[in-house]
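There are 4 protein chains.
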Amino acid sequence: MTIRVFVTGGTFDKEYNELNGELFFKDSHLPEILKLGRCKLKIDIRTLMMVDSLTMTDADRQIILENCKSSNENKIVITYGTDTMVRTAKILGPAIKNKVVVLTGAMIPYKFDSSDGLFNLGSALAFVQTLPNGVYITMNGKYFHWDNVRKNNGTGIFEEL
Amino acid sequence: MTIRVFVTGGTFDKEYNELNGELFFKDSHLPEILKLGRCKLKIDIRTLMMVDSLTMTDADRQIILENCKSSNENKIVITYGTDTMVRTAKILGPAIKNKVVVLTGAMIPYKFDSSDGLFNLGSALAFVQTLPNGVYITMNGKYFHWDNVRKNNGTGIFEEL
Amino acid sequence: MTIRVFVTGGTFDKEYNELNGELFFKDSHLPEILKLGRCKLKIDIRTLMMVDSLTMTDADRQIILENCKSSNENKIVITYGTDTMVRTAKILGPAIKNKVVVLTGAMIPYKFDSSDGLFNLGSALAFVQTLPNGVYITMNGKYFHWDNVRKNNGTGIFEEL
Amino acid sequence: MTIRVFVTGGTFDKEYNELNGELFFKDSHLPEILKLGRCKLKIDIRTLMMVDSLTMTDADRQIILENCKSSNENKIVITYGTDTMVRTAKILGPAIKNKVVVLTGAMIPYKFDSSDGLFNLGSALAFVQTLPNGVYITMNGKYFHWDNVRKNNGTGIFEEL
Chain R
89 MTIRVFVTGG
99 TFDKEYNELN
109 GELFFKDSHL
119 PEILKLGRCK
129 LKIDIRTLMM
139 VDSLTMTDAD
149 RQIILENCKS
159 SNENKIVITY
169 GTDTMVRTAK
179 ILGPAIKNKV
189 VVLTGAMIPY
199 KFDSSDGLFN
209 LGSALAFVQT
219 LPNGVYITMN
229 GKYFHWDNVR
239 KNNGTGIFEE
249 L
Chain H
89 MTIRVFVTGG
99 TFDKEYNELN
109 GELFFKDSHL
119 PEILKLGRCK
129 LKIDIRTLMM
139 VDSLTMTDAD
149 RQIILENCKS
159 SNENKIVITY
169 GTDTMVRTAK
179 ILGPAIKNKV
189 VVLTGAMIPY
199 KFDSSDGLFN
209 LGSALAFVQT
219 LPNGVYITMN
229 GKYFHWDNVR
239 KNNGTGIFEE
249 L
Chain W
89 MTIRVFVTGG
99 TFDKEYNELN
109 GELFFKDSHL
119 PEILKLGRCK
129 LKIDIRTLMM
139 VDSLTMTDAD
149 RQIILENCKS
159 SNENKIVITY
169 GTDTMVRTAK
179 ILGPAIKNKV
189 VVLTGAMIPY
199 KFDSSDGLFN
209 LGSALAFVQT
219 LPNGVYITMN
229 GKYFHWDNVR
239 KNNGTGIFEE
249 L
Chain E
89 MTIRVFVTGG
99 TFDKEYNELN
109 GELFFKDSHL
119 PEILKLGRCK
129 LKIDIRTLMM
139 VDSLTMTDAD
149 RQIILENCKS
159 SNENKIVITY
169 GTDTMVRTAK
179 ILGPAIKNKV
189 VVLTGAMIPY
199 KFDSSDGLFN
209 LGSALAFVQT
219 LPNGVYITMN
229 GKYFHWDNVR
239 KNNGTGIFEE
249 L
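Chains as they are written, first to last, in my numbering: chain R, 89 to 249; chain H, 89 to 249; chain W, 89 to 249; chain E, 89 to 249.
Hints are supplied without guarantee of correctness; some may be wrong.
Given that identical chains are not distinguished, each listed pair holds provided it fits within a single copy or across any two copies.
To be verified - Calculated pairs, DSS-like style, for lysine-lysine (alpha carbon to alpha carbon, straight line, at most 30 Å):
1. 178 <-> 130
2. 114 <-> 185
3. 185 <-> 239
4. 239 <-> 157
5. 157 <-> 114
6. 178 <-> 114
7. 239 <-> 114
8. 128 <-> 114
9. 130 <-> 157
10. 185 <-> 128
11. 157 <-> 123
12. 128 <-> 187
These aren't lab readings, by the way, just hints derived from the structure by calculation.
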């Protein structure tokens with residue numbers, strides 16, 4: 089069994105540009121994170137885009153959807169910004185019934201020592217191996233069905249509707 | 089649903105004693121790790137012991153078994169040293185049929201910046217929510233049934249028999 | 089001997105706001121850094137402002153100058169953003185002759201695990217104890233006289249004129 | 089001006105062996121630390137030995153002394169274990185009068201996220217540039233003359249006699 093990971097950017101992969109003081113995207117930290125976790129699962133990583141989820145367009149979401157549909161693997165993890173994660177899950181949910189798709193992200197970039205990224209990726213890779221077919225979000229140690237979740241923007245916490 | 093976490097020590101919780109240069113146990117890092125992961129699951133942590141798993145006795149294993157049996161929660165995570173994790177799983181496996189028990193640990197102490205502890209705990213908390221009743225080990229991103237796993241001491245990696 | 093530290097913000101103290109994804113200032117990390125360095129010098133920290141050095145006004149610079157002048161301690165470290173550090177040093181240099189003033193900062197916020205902040209503060213506290221009276225910048229392991237330094241904006245490195 | 093760094097091991101460079109749970113020495117972390125500090129000083133690193141300072145012999149100390157004597161550079165930093173740092177300084181002190189030698193170390197290995205190593209190296213590299221000829225120890229943000237320092241084994245702190 090191979091797990092497919094699609095990278096789309098999001099807080100997860102933000103880095104600090106020391107020349108201009110802005111956060112930006114360079115390469116995904118996924119390979120480094122998997123190495124740190126001594127992860128021995130068979131994983132294929134593909135970077136679809138590297139964007140802040142607030143700037144993600146409907147065209148971007150179609151690219152994600154098409155990649156999920158055409159993936160040979162039926163276990164898929166998507167790393168994604170938390171701000172529009174729910175919106176994208178709602179695009180994928182009705183369209184993908186025969187695969188397990190788990191979206192996850194981070195509240196703090198992986199490169200910050202206070203990041204939740206390593207924990208969340210550990211969760212997502214476990215959930216994708218064990219949940220029945222469907223589209224899910226995992227954050228805060230929990231998993232949520234795509235049609236029963238929202239991000240509480242006041243607290244930053246994901247919760248059931 | 090509340091998840092019960094039993095702490096037993098192991099590499100996970102080892103700290104560096106700056107006065108004598110030895111590794112030792114003080115308090116468990118579990119609360120700190122759950123906070124870092126922004127984990128919002130209901131979790132009750134109980135420290136059963138703080139020992140190196142190489143020094144764990146059969147009496148210690150009985151304490152773990154009794155605590156699993158008498159736990160009101162039927163989802164249990166045990167943090168444990170990797171060296172004798174399989175041996176303890178073999179004590180728990182035949183005896184506990186009506187609960188999900190997931191043992192996990194770390195190859196590198198949580199306080200080292202190269203630790204796999206945060207990743208493994210994310211995995212364990214996800215697996216305990218989704219696997220059917222039984223006793224499992226999770227390391228390296230994978231889960232293993234208690235009767236189909238060994239630690240490869242040459243590589244440090246857990247693998248199926 | 090007490091060393092006076094003036095905190096003015098800068099990259100050094102930037103944190104990641106997990107609710108809106110922006111970098112911001114909360115409290116100074118100086119006490120935490122000194123504890124990490126097991127620093128036993130007598131140090132009095134005063135936060136003068138918490139701003140990005142690009143937004144610092146001439147009025148802000150006057151506040152820094154007045155505080156240096158009126159400080160009872162004659163050894164002063166100022167944590168500061170790198171972008172306008174040279175400009176501020178040029179205000180202080182001609183005005184302060186009877187004290188040692190060392191400005192330092194960081195290219196990467198202290199809360200990133202790739203930060204140079206801990207190294208730079210170690211340098212600055214050593215230089216302030218040993219250099220003759222005058223105003224200096226320390227970055228990249230080196231010290232520079234206030235009138236013989238520029239930041240190379242292409243490389244982010246401080247160098248002599 | 090080139091600064092000579094002699095590496096001798098000590099807590100500074102200890103790593104965690106994930107296969108047997110013991111602390112050990114592999115390669116020095118000095119190049120990585122200098123990169124993290126964005127250090128642009130000219131530095132030549134030579135590893136003389138990689139040992140725990142408690143196991144250091146008088147023959148080892150002679151090797152250090154001879155290397156200091158024969159070094160072309162007259163600014164020398166030695167990374168060393170804290171336990172016998174004072175003893176070695178007392179060998180070097182009477183013998184080296186025409187160079188600046190600064191010994192430093194760490195209470196916690198660099199690879200632990202609570203390490204003081206980065207701070208101490210920042211201090212040592214600053215002191216070696218500015219102190220007059222002689223042999224010094226730098227720890228806890230301070231510098232000490234070789235004949236006026238002890239490590240308080242109860243607290244782990246270096247202090248004047």
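* To do: Just pull the numbers of the violated hints for me, sorted ascending.
  => 2
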